[in-house]
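From first to last, the protein sequence lines are chains A and B. Numbering of the first sequence is given in UniProt numbering, commencing with residue 1 and proceeding in unit increments. Numbering of the second sequence is given in UniProt numbering, commencing with residue 1 and proceeding in unit increments.
Calculated directly from the structure, the hints in this document are not laboratory data. One or more hints might be untrue.
To give an idea of the chain B side of the interface with chain A (calculated C-beta under 7 Å), a few residues [as the list claims (entries may be wrong)]: (1) R53; (2) T55; (3) V64.
Quick list of the computed label-pair ranges, beta carbon to beta carbon [unchecked claim]: (4) E395(A) <-> P56(B): 37 to 43 Å; (5) D70(B) <-> A593(A): 49 to 55 Å; (6) W421(A) <-> D70(B): 29 to 35 Å.
Ideal Cβ placement from N, Cα and C applies to all residues, glycine included.
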Amino acid sequence: MTARSLLRLCAGSLLLAGSSAGLSAQTLLAPDTTHRFTLPSGHVTNELAVDVPANARQLHITAEGPENGDIDLLLRYGGAFPDGTANLGGPEWLYEHAHYVSMSPGSSERLTVTRSQKQPLRAGRWYLSVINYSGGAAQIDVRASLSTQEPGPVNIEAVFDDEEGCADRGATTTPWFDSTSATPIQGNNGTTLGAQRRNAFLHAVSKLREDLTGVADLRIRACWANLGGESNRATLASASPTYVVRDDGAWWYDNNAPTNTVWSMPFLDSRYSWYTVAGAAQRAGTEFCRYASNHCGEADIFIQFNTDIDGATALGNRRFHYGFNAPEGNNLDFVSTAMHEIGHGLGFVSLYSNSDDNETPAGTRFRGYDDVFSDSVVAMRDNVPVPINTLGPAEIREALTSNLGLRWADAAAAASPLNPWRDRAFPANLPALYAPPEMSAGSTMSHISDLMPQSLMQPFNTGALRTLGLAAPMLSAVGWRTQANTDIPAVPLPYGGQWFDPARSGHGLDLHRLAGSEDIYVMVLYTFDAQGQPEWYTASGRIIDGIFLPGNAVNGHSLQRVRYTNIDTIPMERALDDSVPGQVRIDFGADAAKAAACRDGTSRNGPVALMTFSLGEERNMKWCLSQITPRGNRPATDFTGHRYGEGDVGWGLTTMGFNTAQGDGLFSILYFPDGAGNPRWAAAQVDDFETGVPQPVYQIQGYCRTCPKPDSNPATQIGTITLDLADPASANGGADIDVQFNGGAGGRFTRSGSVLRLLADAGDDD
Amino acid sequence: MTRWSTIASAALVLASASAMATEIRHIQPRSQPLIQGGPAEVAKRAPEKRGNRATPSPVLIDHVATITADGSLETGCDNRALRDFRNLKADAGGTQ
């Protein structure tokens, strides 16, 4: 059965949906030629595309709209964006299909794609989507250009005059403009103290640029503050990334609970890991404000220097040295201090707690997520490197104080000529991170070990260094990669069958591939309501880049509850129940195993998938799914599939085969209405299925989705089902059903001699 | 619409997507309303996308200088967000 033939089986309302699904074509952009067009307010066009030749090393795309407008630019490789408003339902789907996004609040958008990014630049057609959120029609100029040159040094803007931004952090810009006379020193030709400070900072930036290749401009908010100090101890400077971001593999905004909003950042190499915004920008191929929808005055890095160093109290008579070379005498080297601190802002920082503070014990992950810096770290356990992100907080804490037991495992850094240990045998060749026996808050793990030869990102005074050294190849793993990416993401389509979260056993998921289709899956979530009564929800959509992306129905929901309005007709009359807004996404990618829900201590076999879903007030639940019948536990004659009654749509039956000692077992779930038209389900299970033999059907008393899992879920027989399943290849079958819902609404559901048709099957074996 | 028709809607996505890539033309690109209900509905929903998708960084690393007993200078890093700098003075060695 093909997808098209399925349409003929379905109701007339489907044809209405199909009539508005547009069939469009591409307008191919000519390189270096501005393409101007007008887009009405609230409209999108998916018709623009650009062909990239094999020798291209950079693709730049810009979209410029009206001055006070708001447009967005999306880009994907390998297939056009979805079209047809009936299926679109809202903008989220477009963003979820994008590989790259430029979505600033303004109308100047730009993207750069190189060979080093997650979806690397390669020959073929790249598809654009341009959206106009402006209040009126927008005249938009889109321009694509190609380059055969690899990217060069990243552009870094030092902002010295953001008084408001500095003030927000209790700092000021005034010392940058101090008019006190100064004598030029070591190449710093400033004749005022303020000018020398600015020159020294810009020199630090220029030296860093020599080691940093990037395509997205960075902005550093540079400030000064009275950080105090004493005669023998003082803070010289403080720095941080301004923000961190992560990819949650889904996209929806929750107006009622914005903090629960789920974002997708598909350009990040790792899902469920924090990136600093500077590193993420290089993955995104555009600036922070554009990929994260922030305002474009925001900085990537915040840094403040201590004004008291140049005063009389902190560190006695020592001052900052603003010359471009090493200080003479006892003064403090400003340039290397700035370079070191900016290095942290670039992404050389772990977000694991390295303090035994009660609120954030050492080893605790920031908000339960790993960070991409820590993802590159291994803990040496009995001389075996173990990824630290697979360890629990107590084990991480142990590694943080292991002296030489904390190593950087990224292969590129280990092999780099800048790694002084590169010639050692593995794993002794792995660069060591700072892990002193007594934990050092702020230093542990976020620096190169002081037991390695001198380099800029060590925790202690490193002299007047003017190069990132070993830190440069290490930054590659946190967003600054320049090597061509040949590991193009391709996630195989998942096994179509039953999935469940062992931590929420009793609830489950019936996910099957639409018979005859390539990547369209049909999902039924069989679960329990607030009273523990069985209920089900459904969704359907494609699996794209490893994520199940069900489309929104006309009510804006992707996870639907159906209400039966007349159960006495054949087929029964049904309608979407808008009272329970629902959204669902399922990530089948390998990174799903890194999600907090998959590291809850529950044992799971085989590949896992992360389901993020909302139902009514239950927002953004995350369940870690595994297969109920993994490969090796499936019978030779496998009746796994989802079936419906021919000419009698509205109820359904899913079956799952499994091996038992007695023979070929069969687990079945029947989807049917109760007497009040609520969607209910019940289950049957036999260890040695025989066609035509009646089976008992059980109703399970469960527990709500957010309730604690009980020790057991009692089952009560509510009827029988007789299945005729003799020929899975043709999917023909039959069923006799007689069940009586056991609950408030009651209701008997019977069918005799129903012809079963296969709607969806297991798809290709995984 | 029933759950079965939802399934069929997804099938339409496949059909339309495959048809889109068949023709190339150099004309004004065709546009479509982003959201059913048209521009007014888009205007209501547009602010949703503007939400800053980033989380304030939890770390602020201090670069600290200490003059040791022999007069030499040592520098190192602290994390202001996790620990108050002033409490570090008692740390052994003073070379935090």
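Hint-by-hint comparison with the structure:
no.: 1; hint: R53; verdict: holds, 4 Å
no.: 2; hint: T55; verdict: holds, 5 Å
no.: 3; hint: V64; verdict: holds, 5 Å
no.: 4; hint: E395(A) <-> P56(B): 37 to 43 Å; verdict: violated, 28 Å
no.: 5; hint: D70(B) <-> A593(A): 49 to 55 Å; verdict: holds, 51 Å
no.: 6; hint: W421(A) <-> D70(B): 29 to 35 Å; verdict: holds, 30 Å
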